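Enquirer: Model the full assembly from the supplied sequences, consistent with the hints where possible.
One letter stands for each residue in the lines below.
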Amino acid sequence: MTRLIIGRLLFMVPAALGIITFLFALFHLIPGDPAIMLAGDNAPRSVVDAIREAYGFDQPLHVQYGRYMAKVLQGDLGISNYSRDPVVNSVIPRIINTAQLAFLSMLFAMIVSLVLGCVSAMYWNRPLDKVVTVVALLGICTPVFVSGLLAIYFFSIYLGWLPISGMSSWRHFILPVITLGAFQAAVLTRMVRSCMVDALGKDYIVTARAKGAPEFLVVFKHALRNALLPIVTLFGLGLGHTLGGSVVTETIFNWPGLGRLMVNSILTRDLPITQGAIFFFAMIFILVNMIVDLVYAWVDPRIRYD
Amino acid sequence: MSVDPLIEVKDLKVHFHTEDGVARAVDGVGFSIAPERTLGVVGESGCGKSVTARAVMGLIEAPGKIEQGEILLRHNGRTVDIAKLDPRGAEIRGIRGTEIAMIFQEPMTSLNPVFRIGDQIVEAILLHEKIGRAAARERAVELLAAVGIPLPRQRFEQFPHQLSGGMRQRAMIAMAMSCNPKLLIADEPTTALDVTIQAQVMDLMNALRRDFNTAIMFITHDLGVIAGMADDVVVMYLGRIVESGPVREIFRNPKHPYTQGLMGSIPSLADWGVRRLTAIDGVVPSPFAVPQGCGFAPRCPHAMEICRTRSPDLAEVAPGHAAACFLNQVPT
Amino acid sequence: MEFLRRYRRDTVGLFFGVLLLILYAVALTAHWITPADPMAVNLREVFSPPSAKHWLGTDQFGRDVLSRVILATQVTVKVTSFACLFAVLVGVPIGMFVGYRGGWVEAVAMRLTDMLLIFPIIMLAIVIVVVSGPTETGVVIALGIAQAPTFIRIARGVTLAAKEELYVEAAIAAGSGWPHILVRHIWPNISTPIIVQATLTLPVFVLNASALSYLGLGVQPPTPEWGQMLNEAKDHLITSPYLIVGPALALVVFVLSANLVGDAVQETLNPKLKKRK
Amino acid sequence: MTMRRVVSASLAAVSACILTASVASAQDAKPQLGGELIYAQAGEQFSLFPGRNLDSGAQDVWLYACENLVEMKEDGTVAPWLAKSWTVSQDRKKYTFQLEQGVKFHDGSPFNAEAVAFVYNEAKAKKFIYSSILEGFEAAKAESENEVSMTFSSPFAALIPNLAYRPLCIFSPTAYKTKGEQWMATNIVGTGPFIQKEFVKGEHIRFVKNPDYWQKGKPYLDAVKIINVPDPAIRSAMLEKGEIDRTVRLNDFDLARLEKNKDVKIRVVPSTRQYYIALNHMVPAFANVNVRKAFNYAMDKTGIVKSVFADRGAVLAKAPTLSPGVYGYTEMTNPGEDTIFPFNLARAKELMKNGGYEDRNKDGIVEDAKGNKLSLNLFTRRGGTQGDFQVAQLIQTFLKDLGVEVRIQVLESAAFGDAIKLGPTEAKYDMALLSWGIPTADPDEPMMLFTLTQAWKPVGSNRMFYSSEEVDRLSMLAHSEVDDAKRKGYVKQWMGELLRDAPVVFLPVLALNLGSRTYLKDDRILSVDNYPAPFAWFDKDEMKKQNIRR
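Residue numbers (my numbering), protein chains in the order written: chain A, 101 to 406; chain B, 17 to 348; chain C, 7 to 283; chain D, 52 to 601.
Hints are supplied without guarantee of correctness; some may be wrong.
[Said to hold, decoys possible] Covered by chain A, per the in silico footprint, the following chain D stretches (three or more residues, Cβ under 8 angstroms):
id, stretch
1, 199-212
2, 217-227
3, 302-313
4, 463-470
5, 483-493
Hints in this document: simulated from the structure, not taken from any laboratory. Note that the coordinates shown come from a computational prediction; the quantities given were computed from them, not determined experimentally. Where a beta carbon is used, it is the ideal one built from N, C-alpha and C, also for glycine.
Expert: Here is the structure:
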């Protein structure tokens, strides 16, 4: 087990350098010039050249790369082209905001999906199961911006219970967490249902019943523990996606998260911010995946990790 | 049968309502098991012996349904009809594991792969007995030792996939015996094991029978195992009992052509190289389309006209020995 | 054949199966069955709510929403189905192989997948669109690659569990090579989560397509596409809510039927499930 | 440059927004002190340092703390602010400003000629982004404690309006020298009525009242909090609910609904940004003036304003490139017409025929004399400017009616930037949908960078590769002509030339919108996309009536 942890942590270093180099090459491959984005369409070339010179864009690629890597190795991720503000100041608070939203919505998704999934597996193919399936599917296909906007107009304006945007108090968390969580819950419910149906068909379930175990113990202990493996995979993936920040949810609920920052920085070719955002996100993602893999071994002893 | 039977099954019918039609898996079965006696239930696969066992455990759920019949169990002074109990109700759960326990054919998949052996046994104990976890763990280790598992304390911590087939079956038995049940139903426990382990498991069960004075309902298709284990025997074919009686009587003097056919197909050392093994030709008909009259008629060498129109009932052919065949009874 | 005979009895699966066929039929015959010309701009009938003439109303340029949804069905269904296929064909074999082989192969492959999951889809899309131009194939590849890691991880997860099963050891004992084992033994047993996941990600493909088209990376105008229409309807959700009905309904029908058909197929394929029903 | 110029300018000015003026004068109630204004903006990641950012969202934030020498009024005229008055040398190359006295920066350092000189010299030395606007600027010198002079290599008529451009505000040189440019990215220190108290990146910035502000008795508000809310639908929801007092860039289609809400006041003002299609004159068809004029007449501008901008987000253009609020703007429409090149498909087809293009083979697409089809591409962004993607689709339809086949090429915004920066030989676009904004409200920039022959891309912004001696001559004259009447004459002639030669296809002018609660008084909206509210105040009892409790 510890070998797994050390392996993954060691892997972070080459991964980080790999990502940064890849991104550097990528940004200079795809069209788009930050100097123009800053100066605006109608600025004369003299202005654009001035910016290029002031920001060091006119240096040959390898020089820019060398200078950037030198700074990175000392832990300085540079400053944003746009806001001229150290990248760390913009990215770190954003990651914390997104992490909060991601964990809470995944927690919500986990609880809802486990309950709904197991219930629909127990009452398999009976009306309740059909209802849960359709509700879950509807949850998957409603785009977040539709559910988000409607939720705001109903809860915040019509009923006036919840604040519309920002994140200052816990009440601000309710709508975004439920909207983002609902989508993930729908996906997870479907998977929980199909895995539980599998598990409930196995022989050890008959043994458990033969032991006189009550039905909820049979389902929630014996069957669920076995169905956890694919569910854990999907949970890890879901967490990865929400950690990446859902641009739409963040825009709708005005949640200053990583997703919006990353997308905007790509669109405005603000390379330092993109580098910083993806660098931190990569580290967290690798950590999350490591934890998911550790949970694997704990959940299913048959998978040896030595 | 002077002693009151522990369990008495009367005219039990269990049918499965599936899309492909109604399968009459158990079509009128009656027998009884006295305390501390072992009843062997033998028959080819698909004859309904496992379904009967599950019915006795109250494990029949949709699409299966107990159409009619009674399963009377005597426990602590009163008689309960298991057939009428709700499979997921509290009452049947009070019986499963304490009064009647069950072990299965596939030790590989019958134990939950993600829980430790010890925990699964402790769970069985704590389900029915209000004793502390520590006491339950101690009892579980004792049980593992009782079933002949070496180093029980280490095995307690291990997972099913870390044990051999035989070891796992012993653990199953330990779990079943954890609340010293009155009746142990063994659904082909030795089929998946190789011969040497089979013999050990059978010796273990005989020993347990003596120490825990438990009645056993031993289900198998292996006549050799029946000979070594059973006091009485019941032969099943196509959801019905075709012959029943004490084991020595059935082996020495089988009355029903099907039983005679089965006996003929066992190689025995005594007449090695002299007797050719006889096989029963034809195939067991499908439970979805049970033929008119006697189920065995299409394959019976002595089939008569009447056999194809009416199905014979069990009738006594000798003290304690009954057979359902018109050869030895006059149709009423 | 046998499969069809059993499948036909599952009413829900049948109903949505027919619905899915209708959808694909609409996709194939889109050009001929649109009530009005989906491209015809008519600035006098801007934002007219649903009426007899325009069942789903008209959009910002007075174009008939119903015909645009029908034409968009062709584009979206084609793009998402191919992208889903691409993701499955790329992701699942890799996942199975990696899950089965284990060792350093698995470690390296999984880390690369993690890296791929890190980049937001629009990053991949920009690169691919630059290389292949904003054509539909470009969008299909972009969407496919973005979802491939999901399938790699799922396939690996279930293969890891499946390879512990007895029948796999039996197959090895019988001397069959790993390709044989993967195809004949492991795949039938892990098809359940994969089928479920494939049908589950369909809506994700459509929504990602809408994100791409929003950035001008997806399908080029004026060809309509559900995702793009959903995006445009978003800005008028409060003033003319009926605009969202067309694309949203089409999306729901497409995803609902794909998933329920997936369920029904999975049921008929997996007899053990059948008996317990 | 005497005061005369200012007086005559205001007299001749066209009052862009009668509504604002009338409301202001009718307001007899005395301003009340106190309260915190919450203002929601769409912008997000911008630098607060004026030297490194032209983003109008950022300008709208730092204007509370950093003031200019002169202040732009609603009608486009310029009024004295930190500079009480100014004089121009005989050769028109040296301007001398007399500064307000006893003014201090927020960090306590004195505001004087030394500070002003430092800011503009630093701008030239460190090449601040706005430095190109001060064309020909050589040096600034502190003549005395509160008199500063600026010398130019050649007469520069547009200096005064350009000085009102927000990025040219005077920040505290002490703070700049001690803390450095990077610190200034998140802190703005000036002489303004409000002092920056708190800045949370990407979320909000909060200013509090400057107790010893140089204009006594002002400001009235205790604090101003500016928050980022990217989605327009959310901003309008917050305005309706009263979570914010004021917001901008509302969705045009929501305005009709908001106008019905009695607690909300909606103001719409034409901006200085006009849409146009850049026609690549290297394409043979566009070298022909008849074709260019035909394309202009083929555009149903009223249809665009109605369907894309809900009759609110844009107004019909009454003059080429310039719009109300810009110096030298006068309506250039013919009598009885509400816009330049009014929609007339018949006339457009006739012009196409004169230009040699006719649909000879009746396939719905015109061909030239040699028979090759007129099939062109149209480059556009999506979301770069409000409604760009929708306008492009309408252009495609209008030109199809004219018989011209158009393929829209939607490019991701940065890729689009690259595609339209190329020179005459490399440019691949036949047409490109763009907009020309005039942040300084002075025609000098469009004249020198848009239509000038020397300003062909990649040097200037003449993406049409258009060249006309007459236009060049008029532009050069207007650039250095200091006399007010003469300069306006040249600008008018320049506009006349653009109408005669139609180098581009002129489209409607974008409009700005500002939504505010009715209890907020005296906040302003300027056509250069600025929404200053430093001297706004709350009508407390009306606030209570709308039960706003914060």
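Enquirer: Hints first: check each against the structure and report whether it holds.
Expert: Hint-by-hint comparison with the structure:
Counting residues of the stretch 199-212 of chain D whose CB lies closer than 8 angstroms to any CB of chain A gives 0, so the stated coverage by that chain is violated, three being the minimum. For a cut-off of 8 angstroms, the count of residues in the stretch 217-227 of chain D with a CB near a CB of chain A stands at 0, and the three-residue condition is violated. Look at the stretch 302-313 of chain D against chain A: 0 of its residues bring a Cβ nearer than 8 angstroms to a Cβ of that chain, fewer than three, so the hint is violated. Only residues whose beta carbon comes within less than 8 angstroms of a beta carbon in chain A count, and the stretch 463-470 of chain D has 7; three or more means the coverage holds.
Chain A is given as covering the stretch 483-493 of chain D, and this holds because 3 residues of the stretch bring a CB closer than 8 angstroms to a CB of that chain, at least three being needed.
Comparing the model with each numbered hint stated earlier shows that hints 1, 2 and 3 do not hold.
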